[in-house]
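> Please construct the entire structure, taking both the sequences and the accompanying hints into account.
Residues per chain, in single letters:
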Amino acid sequence: MTSIDPITLSVIQAGLQQVCDEMDLSFSRAAFSPVIAEANDRSDGIYSAQDGSLIAQGAGGLPVFVGTMQYSTRTLIERIAQGITPAPKPDDIYIVNDPYLGGTHLMDVRFARPFYRGDEIFCWLSNTGHWPDTGGSVPGGFSASATAVEQEGLRLPPVRLFKQGVLDEEIYAIICSNIRVADQRIGDVKAQAAALMVGEKRLHELLDRYGDETVSEAIAELRTRAASQMRVCISQIKDGTYNSVAWVDSDGVVNEPLEIRLAVTKSNDELTFDFTGSSPPCMGPMNCVLATTLSSVYLAMRHIFPQVPISAGAFEPLKVIRPDNTFLDAQYPRPVSGCAAEVSQRIAEAVFAALVIPLPDLVTAAPAGTSGNFALGGYDPARDRDFVMYQLSGGGYGGNANHDGLTNGCSTIGISKAPPVEIMEQAFPVLYHHYALREGSAGAGKYRGGFGLDYEVELRRGRATASFVMDHGRFGPQGALGGNDGEPNKVTVWQSGKPHIPEHLSKEQDIQLLPGDRVHVQTPGGGGYGDPKQRDKNAILEDVRLGRYSAKQAKELYGV
Amino acid sequence: MPGKLTGQVIGVDVGGTFTDLVMLDQKTRAVSIAKVPSTIDNQAFGVLAALEEVRADLSCIDLIVHGTTTTTNAVLERKLSKTGLITTMGFRDILELGRRTRPQPYGMSGEFTPIIPRDLRLEVPERMDAAGEIVTPLDETVLRSQVKELLDAGCEALVIHFLHSYANNTHELRAAKIAAELWPNAYITMGHALLSEAREFERGVTAAVNASVQPLLERYISRLIDELSHKGYRGDMLVMNGNGGMVSSRSVAREAAKTVMSGPASGVMAAAYCGRRAKMENLITYDMGGTSTDVALIRDAKPTVSNEIELEYAMPIHVPMVDVRTVGAGGGSIARVNSAGLLEVGPQSAGASPGPICYGLGGSEPTICDANLLLGRLDASKLKSVNSAATLKDVSNSFAKQLGDPLGLDATSAAAAVIQIANTKMAGAIRMVSISLGVDPRDFALFAFGGAGPLHASALARELGVPKVLVPARPGITNALGCIVADLRHDFVNTINQPLDNLNIDQVHNLFAMHIGDGEALIARENVEISALNHFFSLDMQFIGQTHLLRVELTHPKPDRSELQQLFETAYFNRFHVELKEIRVNLVNVNTSVVGVRPPLDLSTLIDPQKRKATLKEAQNTQRKVYFGDGWRDTPIYWRDYLPLEFNLEGPAVIEQMDTTILIEPGDRAMGDEDGNIIISVASQTEKQT
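Line order of the protein sequences matches chains D and R.
Residue numbers for the first sequence follow numbering that gives the first Met the number 0, so the first one is 0 and each next one is one higher.
Residue numbers for the second sequence follow numbering that gives the first Met the number 0, so the first one is 0 and each next one is one higher.
No wet-lab data here; the hints were simulated from the structure.
Computed from a predicted structure; not experimentally measured.
Below, a list of computed lysine-lysine pairs in the BS3-like style, where the Cα atoms sit at most 27 Å apart:
id, chain 1, residue 1, chain 2, residue 2
1, R, Lys-26, R, Lys-612
2, R, Lys-580, D, Lys-189
3, D, Lys-551, D, Lys-532
4, D, Lys-200, R, Lys-467
5, R, Lys-34, R, Lys-230
6, R, Lys-624, R, Lys-467
7, D, Lys-536, R, Lys-81
8, D, Lys-536, D, Lys-551
9, D, Lys-162, R, Lys-580
10, R, Lys-34, R, Lys-610
11, R, Lys-580, D, Lys-200
12, R, Lys-34, R, Lys-612
13, D, Lys-536, R, Lys-78
14, R, Lys-176, R, Lys-147
15, R, Lys-381, R, Lys-34
Rendered as structure tokens:
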């Protein structure tokens, strides 16, 4: 037992959380990139000075970043200790996006700032923001056919972008010469740095008030307690091993499914995640770096136990055996752009599918689990300029112990809003023919999945190429406890009136479009939960009355 | 208004639990107040009961201003009029698909019920593009048959919502005209009518909310007016809107969606009014009730208004409304020790039923309210007056057992801990609201109201570094007061969305001129006495490439471009401490508010001057032990109505009144002013520790 009273502990915990939440808020309010400002594709946190382990993280950060920055911060601390990276001075800010140094994909750019009390580094403040572009072969960085990281964009080792508070114009000039729409990035850079300043100021206030020693002690104690809280949660699970499998359609280059094999073992109030037997590293960009594999496990657990605060302590009882020689532990120069958006969601699906067995009340059947990334790049003659349009889309969520899955929910790893059709048509030379609920797509079950999305969009003028990085095209999201799978993702490109279906179903790059050509996307429905025969008859009839299922389907799926 | 006013006005606000009324006679300065239970099924009964309680002679009343939760409740409970939607072919599911999110960041379950069910959402061939050019003409034959189908299905209200109608509304106008020939009533809402901005989901939901509460609101208001006129009332009734202004009952149903959130808005209007009179024009309002706490910001005596309020998950109502944020905890929030052995307060709440343990209605979990009771901040002897099975001992035992044992504390320390944690959390939430609105809370005073607000206000202020707390004369009926002090108000928004460099500034000047003309015409038609007409001009701007907007206030409607650039850069720097000379500026929205200022009201009799005593000693009712951070203290208990006019006292003290209890902590100083406000000077964190 520590000397800190439990009340001070709670108050300091709330204080640390507040510092991070203020950084999050400040970052997205001031950011330029809509990905950060609107989609909140960013995260801020406080990290230990010794090993970079996570002390606290903003509650509004994008779920995929749960725990990731502790790996990049740790690597930074190690490199400084080894003399590879120059040591910091006060008010320095490092920039890094190297996926293999504890990152995700290149577009997630991290800033890290040492936080000094006197002459000592007390902790690190760090944040990540998704930049709209970091160079590479395709705008936005999601190349479906890259075979090496160099094709995906500019890779930055940790370097001091701000030296004692001043932006290093030389480094910045190199960055700007290698990325698209560089003129607006200065707004994001300043917002990202300003957020860390806000954190620094508030953290000083907290330390001044409670004393450095008390706060340090509280941090250690909170870590212990988060670990025990996670252990209590885990103790609900019956001892044993729970197996699951999830599939990535293909790596985008070689048209074969990638397998995630997971065995979760519960013993001693700990969970061990073993991915042995998963597919080897792949040619295309569906490799996952270790930091992202770990945070995918953590984010899945946080979806299951949202009450445990995000901190290194909460992760202690979650042991992940390093999946060497699989595509879940990618090494340089394997391409990795798909890891944060797609592979992460398949890992989460594997965790859900394994743990729904011992935790049927807390875990849902599989959600659509794809970011549904459709990119259209081309030239608009009416405006005489090039454009790049992204349509990210949702899908159905899995049914669960209490109710049907949500229709058109966002990706497992995101919390962002989809852009309105009207805004897309204002900005780009396209016309949507429909944007609708995808009828019949929900996996049947006692509680069915949610329905996917069905949209069709036409190029009106100029020329363009379409690219897709999606998933679940080959296999639908898994049903649970006897429920059916949701309908798989479906992409059809209509070129001069003829349908083209991507060879990899959910992934293809640079499909040529002419005016009048159309792209038709149907996103996955969620997995069903429990035996469809047990579904309430009125609920089935209601779905038919509302046209969500046809009468024929109701008969086939539910026997009604 | 015909004839000379006699000077009697009534404000009546229907809240979730209570209907509050304040009647002010401006000649005699007499004030009457009533608080009666709300009657949810027909709110008119509660209103009439409140009128009876103050024995109002309705034939002598000049004006009744009414705040109602009819529309808010209808939306939240989905008890709506049967409403049909006719929309562009291919897009009927927009209202169900939303913007692809989930209710909580973590947790993959969640539900959403669209405001209009799928079978009542029909489509017609028609299409505009983003430039407002017709891609597919409106198919009037299909339209007619769809209208008939919705009528046959029993719909009472109709929404016509087409893509890009903000750019070209001719199809919506034409369709509404055809529908009007078939529709038996006037409940037809066009998508562009309330909100002429891009974003089909937000515009569609706003229109759908409007249509589906229109019949309910109109029926309710007309029934109420019937009742009132039976009792001799001859005036018009004004109804509060969510923007903190009011409109005539004759026209309120046309834009019924604007009455959503009017209750919280009128509380904030009252705060602004009291603050202006007390010369405290920058306020954070803090309204703590039984289940939740609302926070809003007032700058220069003007409440912050937002066009992007979300009533609940995926329920955006994008019309200008006072920006009131719900930040969680209320008096009924439950305290628990979690599995990490840490004390947590909320988010679970005991609500009104079973309520806190001390209500004796079966609540068994410790709440904030119970903690205040154990610490002597609330009067334990009042427990007896509730026909309650719970005793102070029961409450104490629950704290000892459920919180004290696992934390190693006695019941008192556990209760003190609950208050401390709750205050830390609420202070944090208030900080987040103020920061998200771009201000530092330390530059503001805290305006505390609601039943529980004044108990926590000093501690919160200290936590936030806020130097002063303003407790109005009648914290428990602030919303009703807001009704009688609110102004007439009409808001206008037009989207320009152009870089400042290419902007034809005449366009901005013309829009302002048009807004002024329209607003003044509307106010003239309302026929209510006003003392002045005010205009407020603002522009929503951003750096090109940004998605967030920053509102820039103008002092006059004829700005030039360089002035705008300058204003925006300054505002941006003040807000984000970032200078961006490199990037060009975009002007998005032109906003005007036209306000008909009502003649000032004298609030000095809200507390009856007759009852005031000459000295503090006489105002003291009793004394009891109250627990503060450093232990139990003998604390004087004052009755507020007895306090001398300009008293000045030092904490610790408790001031009780019918509708609230005010806690003055040791080291803090409380003073009265002529409106009956109490102003607490809060000792800073460091002063407090020494």
